[in-house]
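Engineer: First to last, the protein sequences are chains S and W. The first sequence begins at 43 in this note's numbering and counts up one residue at a time. The second sequence begins at 366 in this note's numbering and counts up one residue at a time.
Hints listed in this document are in silico derivations from the structure and should not be mistaken for laboratory results. Keep in mind that a hint or two might mislead.
[Stated by the list, open to error] Below, simulated DSS-like cross-link-like pairs (lysine-lysine); rule was C-alpha separation at most 25 angstroms, straight line:
hint	chain 1	residue 1	chain 2	residue 2
1	S	LYS330	W	LYS501
2	S	LYS330	W	LYS571
3	S	LYS228	S	LYS330
4	W	LYS461	W	LYS446
5	S	LYS232	S	LYS167
6	S	LYS169	S	LYS232
7	S	LYS228	S	LYS169
8	S	LYS167	S	LYS228
9	S	LYS196	W	LYS446
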Amino acid sequence: MSATTAKSANLTGIARRRRPDRGGDQVKQKWGNPFTYLVALLFIVACIAPVLFIVLGGFRTNSQFTTDPSGLPSPWSVGNYTDVLSTQTFWGQFANSIAVGLASTAGIVVLGLMVSFVIARYEFKFKGAMYSLFAAGLMFPLVIAITPLYIMIKNLGLIDNLLGIIIPQIAFGLPTTVIILVPFLKAIPKELEEAASIDGTSRLGFFFRMVIPLSTPGVVTVSILGFLGSWNNYLLPLYVLNSQANYTLPLGVQALSASQYSQDTAKILAFTSLAMLPALIFFSVFEKKIVGGLTGAVKG
Amino acid sequence: MSDTLGTETASGRQSQGTPEAGDAGKSASPASPRAAGRRRSGRARMRLEIAILSGPAIIVFLAFVIFPVALAAYYGFYRWKGYGDPTDWVGFDNYKLILTDPAFHEVLTHNLLIVVLSLLIQGPLAIGLALLLNQKIRGRSIIRILIFVPYVISEIIVGTGWGLLLQSNGAVNDLLGKLGLESWQHDWLSDPDLALWTLMAIITWKYIGFAVILMLAGLQSIPDELFEAAEIDGASYWQIQRRITLPLLGPTIRIWGFLSIIGSLQLFDLVFIIWGPYIAGTAGTSTMAIYMVAEGRNAANFGYGSAIAVVMFVISMVVALFYQRFVLRRDLQGAVTEGGDR
Numbered sequence: 043m044s045a046t047t048a049k050s051a052n053l054t055g056i057a058r059r060r061r062p063d064r065g066g067d068q069v070k071q072k073w074g075n076p077f078t079y080l081v082a083l084l085f086i087v088a089c090i091a092p093v094l095f096i097v098l099g100g101f102r103t104n105s106q107f108t109t110d111p112s113g114l115p116s117p118w119s120v121g122n123y124t125d126v127l128s129t130q131t132f133w134g135q136f137a138n139s140i141a142v143g144l145a146s147t148a149g150i151v152v153l154g155l156m157v158s159f160v161i162a163r164y165e166f167k168f169k170g171a172m173y174s175l176f177a178a179g180l181m182f183p184l185v186i187a188i189t190p191l192y193i194m195i196k197n198l199g200l201i202d203n204l205l206g207i208i209i210p211q212i213a214f215g216l217p218t219t220v221i222i223l224v225p226f227l228k229a230i231p232k233e234l235e236e237a238a239s240i241d242g243t244s245r246l247g248f249f250f251r252m253v254i255p256l257s258t259p260g261v262v263t264v265s266i267l268g269f270l271g272s273w274n275n276y277l278l279p280l281y282v283l284n285s286q287a288n289y290t291l292p293l294g295v296q297a298l299s300a301s302q303y304s305q306d307t308a309k310i311l312a313f314t315s316l317a318m319l320p321a322l323i324f325f326s327v328f329e330k331k332i333v334g335g336l337t338g339a340v341k342g
Numbered sequence: 366m367s368d369t370l371g372t373e374t375a376s377g378r379q380s381q382g383t384p385e386a387g388d389a390g391k392s393a394s395p396a397s398p399r400a401a402g403r404r405r406s407g408r409a410r411m412r413l414e415i416a417i418l419s420g421p422a423i424i425v426f427l428a429f430v431i432f433p434v435a436l437a438a439y440y441g442f443y444r445w446k447g448y449g450d451p452t453d454w455v456g457f458d459n460y461k462l463i464l465t466d467p468a469f470h471e472v473l474t475h476n477l478l479i480v481v482l483s484l485l486i487q488g489p490l491a492i493g494l495a496l497l498l499n500q501k502i503r504g505r506s507i508i509r510i511l512i513f514v515p516y517v518i519s520e521i522i523v524g525t526g527w528g529l530l531l532q533s534n535g536a537v538n539d540l541l542g543k544l545g546l547e548s549w550q551h552d553w554l555s556d557p558d559l560a561l562w563t564l565m566a567i568i569t570w571k572y573i574g575f576a577v578i579l580m581l582a583g584l585q586s587i588p589d590e591l592f593e594a595a596e597i598d599g600a601s602y603w604q605i606q607r608r609i610t611l612p613l614l615g616p617t618i619r620i621w622g623f624l625s626i627i628g629s630l631q632l633f634d635l636v637f638i639i640w641g642p643y644i645a646g647t648a649g650t651s652t653m654a655i656y657m658v659a660e661g662r663n664a665a666n667f668g669y670g671s672a673i674a675v676v677m678f679v680i681s682m683v684v685a686l687f688y689q690r691f692v693l694r695r696d697l698q699g700a701v702t703e704g705g706d707r
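Work the whole structure out from these sequences, hints included.
Structural biologist: The following block contains the structure:
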């Protein structure tokens, strides 16, 4: 970029006069304006402080909370965390969250990839209608449908069953998936499909041998969004799951803060920290892909 | 258009000689001319493929998204407690009740306030922060990760954490006391004059990272040459932001606005977790979705709850259509070039 700047700057006298300034800018660009760092720092502190309160709170004791609600842990106690980690409750709910997350993500990806392939690569009468159907799905959030959905799940006998969460999550995950994957699949060059066809590959063969490997980046984005959505889902489990053994982590957090432990602030915070940790790790690993996928989706 | 095209492409592909399709054509219709048979079987095959590939997704989607929404519309015409089948048809009575229900008007007002305040608070803040962070500064990637953290953690965790922080004897009031700002201490969550603003602060905290990341992505799609050209022409920093950055960021801002409005209209989790359906009513933070759940599930007025869901949906739909028609329209016609001309 600086090379082009220098070249275009040579074109006019005004620009040449400004070149020393530009040079100054570039030195500045290495560190930039201190004000920028100050604002960025304040912003980050505002974003992170409440999260730190949760994590550090888990290292305190309840008496520390009573005497000094906003203090740092002193002394640090790991008892809350080891307590939570040694309970069957936490690991059971952790396993449920993982199972629901993986199954929902798998369903979203498999069904979403298949239908997106049809919309992107086949020519037929109802293609536009099919795309609009899924796109309109963005307008139907879970909240609006929750009451009838609950009754339906009850009639299907899936109350207090993890499947009662997984299937609706797949259904509600499809719109985003289709909207992200269709442009992605459309971008696979036609020539590739023709070449495959000349080599005697059917369109289904093309789907399995070429499309699936080529669409990996889009699929990764969709999977991450699906998994995070499932991991954080609260409303659906709240309606569908009744027994503690089937709870996912968000319900576990809620049950803890509403139960006989509601006075045990430190334990609630330790449990909450451990419940958000997997999502945070998952997010930091895939940060670039999530952000790229979100912006790609928004730009359509 | 697409149907004939489809036949052509399908048959075209067949004539390139997919062996098994040709054989199938022969066996299916031995009497007809070869080409016609091929075309027909190619089309049938294509239909089969479409059905197999799109069927599962469409069935799951119709059954678990569209059907429940349709059911809500149906239940909305009944007085129904949720036991057995709804039989007590009341026509539009539930909707008439909504029109005159002061409790619904109150929650609707809250939703509209949240829509407007979210746009007014988060929009300028996010644009400003994105402009600032778009400079070439050190540690950009770590900054991005950190500001996105509140968006990634779940509503239940945000709610639990902020609920504890903001209790009347919680950490926020304690910290204010330590700083000698006793007069700033408040009952953040239950004071009806304050609770909605507390909610706005939490919403801003939770979703601002998402807005900033979107704006940053939008800024990065603006070609550097434009800024360089303007700089060469002697434009000041603020002139550049006003004449180049903001117009070119327009599409991103408008799409963010859309997502923000729809999210605000359907706000549920945070309020439900921090306040619960009953306290939210007295603290003045209740939303349409909260009222719907309170009526539908907890008071077992499933008919009335469903009617509220339908009204929520209609409001969102109307807002979305208006927004698309009058705000997003320019984006659909390639606003980047249009904006650049101005």
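Engineer: For each hint, tell me whether it holds in the structure or not.
Structural biologist: Checked hints:
no.	hint	in the structure
1	S:LYS330 <-> W:LYS501	holds (18 angstroms)
2	S:LYS330 <-> W:LYS571	holds (20 angstroms)
3	S:LYS228 <-> S:LYS330	holds (23 angstroms)
4	W:LYS461 <-> W:LYS446	holds (19 angstroms)
5	S:LYS232 <-> S:LYS167	holds (20 angstroms)
6	S:LYS169 <-> S:LYS232	holds (18 angstroms)
7	S:LYS228 <-> S:LYS169	holds (13 angstroms)
8	S:LYS167 <-> S:LYS228	holds (17 angstroms)
9	S:LYS196 <-> W:LYS446	holds (15 angstroms)
Going through the hint list in order, the structure satisfies each hint without exception.
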